[in-house]
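S.K.: Sequence:
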Amino acid sequence: MRKVATEAWLSKSGKAGGEACTSIDIIHVRQPGLTTYHTRDQNRYIPPQCGPRRCLRRCTMDSPRSHLGSPGGPLNPITPDRANRESTFMASLRSDLRSSPVHDKISQFNTLAMQSKSLERKTADAALKRAMLGREEAEGEMRRYRDETKVLRVQLEKARDREMRVSERLEAVMEQHGRAKETYAHTKAAWEKEIKHARKKTFKNDAVIIKLQEELKAARDGWRSVSDHLDNEKARGKAREQEAFAARYQMVSLEEKLGEALERIKVLEQERDAMRMERDTFRDLAKEEEVARIAAEGRIPLPKNEDHDDEFASPRKKKPRVSLR
Numbered sequence: 001m002r003k004v005a006t007e008a009w010l011s012k013s014g015k016a017g018g019e020a021c022t023s024i025d026i027i028h029v030r031q032p033g034l035t036t037y038h039t040r041d042q043n044r045y046i047p048p049q050c051g052p053r054r055c056l057r058r059c060t061m062d063s064p065r066s067h068l069g070s071p072g073g074p075l076n077p078i079t080p081d082r083a084n085r086e087s088t089f090m091a092s093l094r095s096d097l098r099s100s101p102v103h104d105k106i107s108q109f110n111t112l113a114m115q116s117k118s119l120e121r122k123t124a125d126a127a128l129k130r131a132m133l134g135r136e137e138a139e140g141e142m143r144r145y146r147d148e149t150k151v152l153r154v155q156l157e158k159a160r161d162r163e164m165r166v167s168e169r170l171e172a173v174m175e176q177h178g179r180a181k182e183t184y185a186h187t188k189a190a191w192e193k194e195i196k197h198a199r200k201k202t203f204k205n206d207a208v209i210i211k212l213q214e215e216l217k218a219a220r221d222g223w224r225s226v227s228d229h230l231d232n233e234k235a236r237g238k239a240r241e242q243e244a245f246a247a248r249y250q251m252v253s254l255e256e257k258l259g260e261a262l263e264r265i266k267v268l269e270q271e272r273d274a275m276r277m278e279r280d281t282f283r284d285l286a287k288e289e290e291v292a293r294i295a296a297e298g299r300i301p302l303p304k305n306e307d308h309d310d311e312f313a314s315p316r317k318k319k320p321r322v323s324l325r
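Residue numbers (the UniProt record's numbering): 1 to 325.
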C-alpha cells in the first residue's frame with residue numbers, strides 16, 4: 001500500500017455533568033482505492049466521499065460517550081470549579097502530548113497540511129488570477145460583441161429602411177412599367193400605321209428617285225463637259241495670267257527705264273536752260289558792250305533804259321518844284 005498524503009487531527013469530546021474530556025488520535029491515510037482512519041479504540045473503514053472531519057464527527061457522535069455528553073434537552077450552565085478542573089486537565093494533557101512522539105508526528109502532519117494548504121492557496125490564487133483575466137477578456141469580448149450587436153442593429157435598421165424604400169421604389173417602377181407597356185402597345189399600333197403609310201410613300205419616292213437619278217446622270221454628263229470646258233478655260237486663264245505677269249514685269253522694267261529717261265531729260269533740260277541763260281547773258285553783255293562802245297564813239301545815242309540805276313544812262317534833268325502856297 002503506497003502512502004500518498006498523511007494528515008492528523010486532534011478531536012476532543014466531552015461528557016455532560018463535569019466529566020473529563022478524552023482525546024482520539026486519528027491518522028488519515030489517502031490511497032487511490034480507499035481511505036482508512038486508524039484510532040486508538042478501533043480500526044474502521046470510511047469511504048472516500050466522506051471527509052475526515054465529517055467522519056470524525058460521526059464517529060464521536062456514534063460513541064456511547066457522545067450520547068451521554070449531548071442529551072436532547074438544554075445544556076446546564078458551567079460552574080467555575082468545573083472550568084478550573086477542565087483547564088488544569090487540558091494543560092496536563094497538552095504537556096503530555098508535547099512530550100510524546102505522537103505529538104511530533106502530529107506536528108509533522110500539521111506542517112505537511114499547512115504546506116499543502118499553501119500550495120492549494122497558491123494554486124487557488126493563480127486560478128483566481130486566471131479567472132479574473134478570463135473574466136476581463138470575457139467582459140471585453142462581451143463589450144465588443146455588444147458594440148458589434150449595436151452596429152449590426154443599426155445596419156439592420158438601415159437595411160430595413162433601405163428595403164422599404166426599395167420596395168416602394170419597386171412598386172412605383174412596376175406601376176410605371178405597366179403604364180409604359182400600355183403606352184408601348186398604343187405607340188406600336190400607331191407606328192405600324194405610320195410604317196404602312198411610310199412604305200407607300202417610299203414606293204412613290206422610289207419612282208421619283210429613279211427619275212431623279214436619270215436626271216442626275218444627265219446633269220453629271222453636262223457637268224463633266226462643263227468641267228472640261230472650265231478646265232480648258234482655267235488653263236487659258238493661267239496662260240493669260242502668265243502673259244499678263246510677264247507683260248507687267250516688262251512694263252515695270254520699262255517704267256523704271258522711262259523714269260530714268262525722264263530724270264535724264266529733266267537734267268538735260270536744266271542743263272539746256274542753264275546754257276541758254278548763260279548764252280543770253282553773254283549775248284546781252286556783248287550787245288551792251290558794243291552799244292556802249294559805239295555810243296562812246298558818238299555814232300548813235302544810247303537807248304532809253306528803264307533802269308534808273310544804269311551807270312551808262314545819260315543824266316536826267318531836275319524838274320522845278322511847284323509850291324502850293
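Check each hint, because a few of them may be wrong.
The calculated lysine-lysine pairs, modelled on DSBU-like cross-linking and capped at a C-alpha distance of 35 Å, are [what the hints assert, rightly or not]:
1) K122 to K150
2) K196 to K211
3) K217 to K204
4) K217 to K201
5) K181 to K158
Pair by pair, the computed Cβ-Cβ distance ranges are [as the list claims (entries may be wrong)]:
6) H186 to Q213: 33 to 43 Å
7) I209 to L170: 49 to 59 Å
8) A207 to K181: 50 to 60 Å
9) K181 to A159: 41 to 51 Å
10) D104 to R144: 50 to 60 Å
11) R220 to E182: 46 to 56 Å
12) K201 to E163: 30 to 40 Å
13) G222 to A246: 31 to 41 Å
14) L112 to R135: 29 to 39 Å
Please keep in mind that the hints were generated in silico from the structure rather than gathered at the bench.
Please read these numbers as outputs of a predicted model, since none were measured by experiment.
Even glycine gets a Cβ: it sits at the ideal position worked out from N, Cα and C.
S.K.: Determine for every hint whether it applies to the structure shown.
M.R.: Okay, the hints, checked on the actual structure:
The suggested pairing of K122 with K150 is violated, with an alpha-carbon distance near 41 Å, which exceeds 35 Å. The hinted pair formed by K196 and K211 meets the criterion: a straight-line CA distance of about 23 Å does not exceed 35 Å. Restraint check for K217 and K204: satisfied, since their Cα atoms lie roughly 20 Å apart, inside the 35 Å limit. Taking the CA atoms of K217 and K201, the gap is about 24 Å. The hint holds against a cut of 35 Å.
The straight-line distance between the Cα atoms of K181 and K158 is roughly 33 Å, inside the 35 Å bound, and the hint therefore holds. At roughly 39 Å, the beta-carbon separation of H186 and Q213 lies within the given 33 to 43 Å, and the hint holds. Checked against the hint of 49 to 59 Å, the pair I209 and L170 passes, with Cβ atoms roughly 51 Å apart. The beta-carbon spacing between A207 and K181, approximately 40 Å, falls outside the hinted interval of 50 to 60 Å.
K181 and A159 have their C-beta atoms about 31 Å apart, which leaves the hinted 41 to 51 Å range violated. Separated by about 59 Å at the C-beta atoms, D104 and R144 satisfy the suggested range of 50 to 60 Å. Taking the beta carbon of each, R220 and E182 are about 52 Å apart, inside 46 to 56 Å as hinted. For K201 paired with E163, a C-beta distance near 53 Å fails the hint of 30 to 40 Å.
Here the CB-CB span from G222 to A246 is close to 36 Å, well matched to the stated 31 to 41 Å. A C-beta distance of roughly 33 Å is found between L112 and R135, which places it inside the suggested range of 29 to 39 Å.
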